[in-house]
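Visitor: Chains as they are written, first to last, in our numbering: chain X, 1 to 471; chain E, 1 to 223.
Calculated directly from the structure, the hints in this document are not laboratory data.
Built from N, CA and C at the ideal position, the CB exists for glycine as well.
Mixed in with the good hints, there may be bad ones.
[What the hints assert, rightly or not] Straight-line C-alpha distance at most 27 Å; calculated DSSO-like pairs for lysine-lysine:
| # | chain 1 | residue 1 | chain 2 | residue 2 |
| --- | --- | --- | --- | --- |
| 1 | E | Lys206 | X | Lys77 |
| 2 | X | Lys52 | X | Lys38 |
| 3 | X | Lys52 | E | Lys183 |
[As the list claims (entries may be wrong)] Quick look at which bits of chain E chain X covers, simulated, 3 or more residues with Cβ under 8 Å:
| # | stretch |
| --- | --- |
| 4 | 120-130 |
| 5 | 149-160 |
| 6 | 194-201 |
| 7 | 205-213 |
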Amino acid sequence: MARAKTGFPFASIEQINNSQLRANLKSATSAIREKRAKVVGEKQDWEELRRKGERIKNEVLASLDEYLLELEESVTKVGGVVHWAADSSEANRIILSLIQEHGESEVIKVKSLTTDELHLNEYLANHGISAVETDLAELIVQLAHDKPSHILVPAIHKSRSEIKELFENTISKGKVLGDGPAELAEASRLYLREKFLSAKVAVSGVNFAVAETGTVCIVESEGNGRMCLTLPKVLISVMGIEKVLPKLDDLAVFLELLPRSSTGERMNPYTSTWTGVHTGDGPEEFHLVILDNRRSHVLADPVGRQALRCIRCSACLNVCPVYERSGGHAYGSVYPGPIGAILSPQLFATEASLSLPWASTLCGACYEVCPVRIDIPRVLVHLREKVISEGYKSKSEEVSFGVIALILRSGRRFELIQRVATQIRRPLNRVLLTVSLPGALGKWRAARQVPEIPDETFRMWWRANRSDNGS
Amino acid sequence: MEASSNRPSRGAILELVKAALREKSASHNSATAGVATPGAPGTPFPIMKQLEQSATDLFKEVLLDYKATVRRCEEHQIPSVIAELFAHQEISSAVIPSGLDSSWIEQIKGIELIVDDGFRSAGELASIDAVITGCACAIAETGTLVLSCQPDEGRRAITLLPDFHFCVVRSQAIIRGVKDLFKHVSATNPITLISGPSATSDIELKRVEGVHGPRNLFVIIVG
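Chain E extracted, bound-state conformation (with noise of 0.2 Å):
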């Protein structure tokens, strides 16, 4: 369908591109050769403590800074420590991704726990209260968490439409910047970079934590 109404300009556009780098191909590096730079700033950066810092104490930090709530565990401790957070929180139900360790969920109580079978409507999931999964990985230097529609993370609506989100981390999974990013985690799922709570800073600067995403991040650093 498409083909037809477009095939013209797609041809257009890249002989215009073409032309514009034939033309001037020879001066291309002109834009910036011969130019002072006054980029680099006159005082030294401070010395970052984040480098004596453990990723794990430094994602922990971070997320501290964004108002999320941490929560440092053993393995065995993770039902536990899952449903004490549970216990102080308002929340009546709650969804899961399929694969997520079943025993995690034990000993969370008086809640209704359902399990995405990938067919609910955004509709009936924005009805659930929470969410709980575990990631792909983090970051510590940003303090944030990666999903990728793993099995024990779900597809993306149940992580965005419930007002809770619990997510578990294993210290071991927890990267320290940004940039080896992609050597751990494929792009070939959608991939949802989380760094606190959702938050719009749209009327007068002022800070709101949560808008549209979940508005409670609750984060279980296990190891």
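This is chain X alone, in the form it adopts within the complex (with noise of 0.2 Å):
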């Protein structure tokens, strides 16, 4: 089976090409990565804190079924009702039948990207009920009919003059706003406090939920997560089954972790747990749908499975040099950048997906940052072998990997090679820099500078200057 013409190498070209994109990104990857590199430095122990979290996270997946079923006993203990949901469509009609119980039209939402992952909201919709996003950055991304582009910051790709003028049009229609971010953040605080106040059922994802307390977390950073948790009637709340953790202390490990990595604060401005149903404070009713999604398929892969350590803090995408240029929409999936990479093609499959083992230089910056030490490089080329043994090959791939594997077997074939495309460079970097070439050459070489042949070898140049030397 030949690889599909979708994915990621046709997804990117579009992307990269768009300068002010990639300058937008270039300067909120590089101001996050500075930010998380000052705080996580300050915690002298935190090498020792993220082998914590990934022993952790391998302990809940090593009893996984274990861990759920005492969490369902915890939560449903503390009045809350448990959920399974095996797939997306299920984990949809259930939240549609809990929120047409309740007689609801609209609901409001934190932002989540297990919600995202099951579409829900265009679900919803489908179904005569609005799901009003009030995490600033989804809001933005919503009323403008577009996709995240970041995990921590889907709207980075959106300017500000882009947002003002996108709510002249929606939520702030008829009157004429500055394009300062303050000015812009409290044009939706007042479209939004009438949502909070008025609003039944709110939905949630989950960044937590301990199994021994049945205390469920949620971190956040404008308070629309608090309003969504504390003023609705009705809770519903949305978790991936390896969501799990232990016991709360296991919980405080991970509130270190996930800050640090994620926003490059010490600790974000706002982070709520409950446990169950509170009386006179809260929702009166809470749900917790556990969900499947192939989670369980990702975890029967022994090395594949780390991927579900994931807290989604979004660290690796900031230092990825392919995600940096490509963006965050190149990866055709809610989940981008490294994690997505390894996370989409196990959790999805799909022909588009299984390009993602190849969005990447493998040069390792992501494994480094992981708060829960995912060797995304090893998955990467795990999933790759795993791909192409399964069929996905390509024609000219084959060809030309043997043709590279002939010149690179031996020393002496290089340096040949090497010699006669210097020889020949002026016409030759003609061809590779500015004749437009047919075929898989044209189309690789659309989404990448290639570098001119320069004069000399290396070879060539020691052997002038320092073979003298003796070495």
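Reassemble the complex: the two chains are provided individually, in unrelated frames, and hints are given to aid placement.
Guide: Given below as structure tokens:
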């Protein structure tokens, strides 16, 4: 079977030729990268924390069925209702029927990648229910009928003037806004406050759920999460099966790892935990939807399963040279970047997502920053092998790698080819850099900057300048 | 109601999970074993001055970094410090939880003070300017106030809807790091960790202080 003409190699071309997007991404990722490095540097026990995080998640995965049962029991004991969803359509049906039971046609939402994975908003819209995103960036993306481009800052591809225009046409109709971020945030505050005060049902994701106590945790910055978790009568929270933690003390470990890795803060402004239903404070009904959606399939792969340790911090996006140039949309998945490149093909296995293990230079920067030490490069190579062995082969790739192998196998052959290339570098450079190339070669070059062939090879330079030094 | 609809999936999911683990349990650790660790950075971490500082000093410093207003005083000064902070803000009403030490608010002048009875609607609370609370404990390293719905902290909505939050923290209740949080506070009640005023960086990554939660945070450290 040939690889489909979709997926990352094709989707990324448009993105990397958008210089505005690339500039936005570069300044955003480098700013968050620096903040992270600073606050991680403050923790002398950071490596120990990472290893703890890794160990706790591995322990959870090794006995996942038992922890899920324990969580179900604890949540039920404190007045919550647990639902099990094998896939996205079952999760959507459960959520829809809960909303319909309360006769609501509008719900408020806390930013949640899991509900993005379910395409819950579209599903609810098709059934006459509007789901209002309350995180500022998610709201921007929703109003623009756009898609998130970054896990943490989903509207990073939008400029302030675009947002101003968008708000003037939607939530601030008839008003003239300035384009200062504070004024735009204020416009969203006014619009959303009304929603918060009137909504009866809220839908959220889950950052962590503690099996021992049934405690659920959400971390956020703006206060929209607190609004959704506190004011409505009914709260529906959706979690992937891998989000469970054994004990409260384990939660404390992740409350150190997540904010420093994610926003580069010592702690995010607001973290909420709740343990079932609390009389006189917060929702009267709490529903926890536990979602599989092929996570159990990922669990069955002993190398690939470490992707389930992910806590969605997005540190790997910010250090990835490929993400910085392609942006999140090129990955065609709710999970972009290095973690998306190993999670999406395993979770979704669509033809397009099977191209993602190649969307990497294998430089390893993602592994170094991962707070739960997911060896992303290793899983990428493993998935490449798996995808190829399952028959997704490309003839031209096979031929070209055959030729490359032939050359690289012998030092003398490699030198000979290099020497020939420098001899004919002028016409060759012209062909490689300017002339439009046919077929696979042309497509390959369209997304890359090919370096010019230099006047001399390193070996030639060494011989001329250093060989008399005796080495 | 739900039992009938998702019993089958419950069993099916648990079976899939068990099968996934059974099949490969022997190689469970192979995902991480035998791989060189590039994780450890080459340069040593900077020696933190945090270690030399008392938890209270560190807490204050981190709070200031969050652009919170911080005052430190002795027990008997609490009423006057709160009154002084109020006097400099445009506040006409404030809500307090029923268990708050009533002497703390004695010196506040010209402001409508409302004791939360637990029944006010969110809309009513949203029209109140300020809230004054105690806290269960605080975390120095992260500048975090820990609220756990005790009588002097109130229910969650009262510290969420007003725009000004005044919180009294006793220095003996300040713990150093997040690690021991759950040894000091019970999760039976809802817990809210507050680290600075609400904020967003969603537009061009420019930080805007104050979105939905209180936009102004005042912390009074006692002792």
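Visitor: Okay, which hints does this one fail, numbers in order?
Guide: 1
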